[in-house]
Amino acid sequence: AQSVSQHNHHVILSEAASLELGCNYSYGGTVNLFWYVQYPGQHLQLLLKYFSGDPLVKGIKGFEAEFIKSKFSFNLRKPSVQWSDTAEYFCAVLAYGGSQGNLIFGKGTKLSVKP
Amino acid sequence: DTGVSQNPRHKITKRGQNVTFRCDPISEHNRLYWYRQTLGQGPEFLTYFQNEAQLEKSRLLSDRFSAERPKGSFSTLEIQRTEQGDSAMYLCASSARGGRVAGSTDTQYFGPGTRLTVL
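If you're matching them up, the sequences are chains A and B in order.
The opening position of the first sequence corresponds to residue 59 in the working numbering, with each subsequent residue numbered one higher.
The opening position of the second sequence corresponds to residue -14 in the working numbering, with each subsequent residue numbered one higher.
Some hints could be false.
Dumping the calculated DSSO-like pairs for lysine-lysine here, alpha-carbon to alpha-carbon at most 27 Å [unchecked claim]:
id, chain 1, residue 1, chain 2, residue 2
1, A, K107, A, K129
2, A, K129, A, K119
3, A, K116, A, K127
4, A, K172, A, K116
5, A, K127, A, K172
6, A, K129, A, K172
7, A, K107, B, K56
8, A, K107, A, K127
9, A, K116, A, K129
10, A, K168, B, K56
11, B, K42, A, K165
12, A, K165, B, K56
Listed next, with one range per pair, are the computed distances between beta-carbon atoms [stated by the list, open to error]:
id, chain 1, residue 1, chain 2, residue 2, range
13, A, S110, B, I(-3), 24 to 32 Å
14, B, R66, A, P173, 42 to 50 Å
15, A, A59, B, I11, 46 to 54 Å
Honestly, the hints are just simulated from the structure, not real lab data.
All C-beta atoms, glycine included, are put in the ideal place defined by N, C-alpha and C.
Chain B extracted, bound-state conformation:
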């Protein structure tokens, strides 16, 4: 399977613990995105990388959240001191090239997500 992969698929943790998720994008995709999805809502943007550079962070990404993509390949999303409100599905997506010109082929392909439950 050459799609976006995410690990783990499910994570249950106690409030106050730290958790880390991993995303492996489609090979050769230079852009990688993190989204969060809660019940009854569409995915909400958290942050994205172009290669190893983190280019944008949403205001949803509090200082307890940190994301890295050290070698421009896989990425990790860490949540420190988890809260019950962090319970959600965390989605990763990747795209190729990522132009800012209208008509570019910046199509994002999504992974299966990591479902986080904070008790």
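This is chain A alone, in the form it adopts within the complex:
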């Protein structure tokens, strides 16, 4: 069965620090990859997505992610975090050829940014 692993449960950073959140998935076929963010008290919002083409994708609010097929990874990065980035981040995979349409989520990484 497909699965998604997010390496860090809780990350604490100071403002202006760089961020990298790890995400690995287990599926050998074609995938679409997503990062969603959930700010406190709000619903899940799409941060960025990868379908095909350039493996480096840019999302909203200065986030980017790199798809490395050989490593089954899709890590999220931001060069300089802000206090407003405090949120929970979820990596998700849509596996084609497997389950027909459902997203498989990781357990999430809670990011706390200290002002």
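Add chain B to chain A, keeping to what the hints say.
Using the frame of chain A, we list chain B on its own:
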């Protein structure tokens, strides 16, 4: 607001009661999904519809759960004879077109969820 909406936002019920949640997807989205999220976990897929057809159900969806999308627009999720283990956030998402070809634009947009507490 033209996003996915869910009602009610909170539901408290006693064990053994039936509950029903409603989801209104983004207009023109033909796919609608239900997920469940418990504390410390990511959302877990329950079921999805393409138009009015229910195309897939997770093994998480026991026979006490039923979902409908009668006219291909809004959807309802009913839980019969609720148990304390059903306490969770129930999320709805919708997407457009929903292709199975790599590179399709099957992006799911989520609603705010319905938080169910079973006492």
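Hint by hint, here is what the structure shows:
no.	hint	result
1	A:K107 to A:K129	holds, 18 Å
2	A:K129 to A:K119	holds, 26 Å
3	A:K116 to A:K127	holds, 17 Å
4	A:K172 to A:K116	holds, 24 Å
5	A:K127 to A:K172	violated, 33 Å
6	A:K129 to A:K172	violated, 32 Å
7	A:K107 to B:K56	violated, 30 Å
8	A:K107 to A:K127	holds, 15 Å
9	A:K116 to A:K129	holds, 20 Å
10	A:K168 to B:K56	violated, 38 Å
11	B:K42 to A:K165	holds, 21 Å
12	A:K165 to B:K56	violated, 34 Å
13	A:S110 to B:I(-3): 24 to 32 Å	violated, 45 Å
14	B:R66 to A:P173: 42 to 50 Å	holds, 48 Å
15	A:A59 to B:I11: 46 to 54 Å	violated, 29 Å
The structure shown violates the earlier hints numbered 5, 6, 7, 10, 12, 13, 15.
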